[in-house]
Amino acid sequence: MIFVFGIKGGVGAERLSEFFRRVRLDRHVGSSPTALRTLQEHLEEAILAYPTAQEQPLCPPAERRVDICAGVDETFF
Numbered sequence: 216m217i218f219v220f221g222i223k224g225g226v227g228a229e230r231l232s233e234f235f236r237r238v239r240l241d242r243h244v245g246s247s248p249t250a251l252r253t254l255q256e257h258l259e260e261a262i263l264a265y266p267t268a269q270e271q272p273l274c275p276p277a278e279r280r281v282d283i284c285a286g287v288d289e290t291f292f
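Per the numbering used here, the very first residue in the sequence shown carries number 216; after that it's consecutive.
Rather than coming from a laboratory, the hints here were simulated on the basis of the structure.
Glycine is no exception: its CB is placed at the ideal position from the N, C-alpha and C atoms.
What follows is a set of in silico ranges between Cβ atoms, one per label pair, in the way DEER data are often shown:
id: 1; residue 1: Q271; residue 2: R237; range: 39 to 47 Å
id: 2; residue 1: S247; residue 2: Q271; range: 32 to 40 Å
id: 3; residue 1: R280; residue 2: E260; range: 39 to 47 Å
id: 4; residue 1: F234; residue 2: A268; range: 27 to 35 Å
id: 5; residue 1: T253; residue 2: C284; range: 52 to 60 Å
id: 6; residue 1: G227; residue 2: R279; range: 56 to 64 Å
id: 7; residue 1: D282; residue 2: I222; range: 45 to 53 Å
id: 8; residue 1: E259; residue 2: C284; range: 47 to 55 Å
id: 9; residue 1: V281; residue 2: S247; range: 54 to 62 Å
Using the sequences and the hints given, assemble the complete structure.
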């Protein structure tokens, strides 16, 4: 909801809070405008940081070269 309507759709925190209240989710979700703005800011920061985190190498480069030998198996001919 926050991503689709708040970030992509540009719906304000007050309107989202009103929606959560009308569908009675305010009893189960922190839906005050302040809480929703804070959550939206955290989501935006995480979305912007994601590409940088994915570009970092997951494993250090190999220290030595590894040769690969391929063999043939007669059952596939």
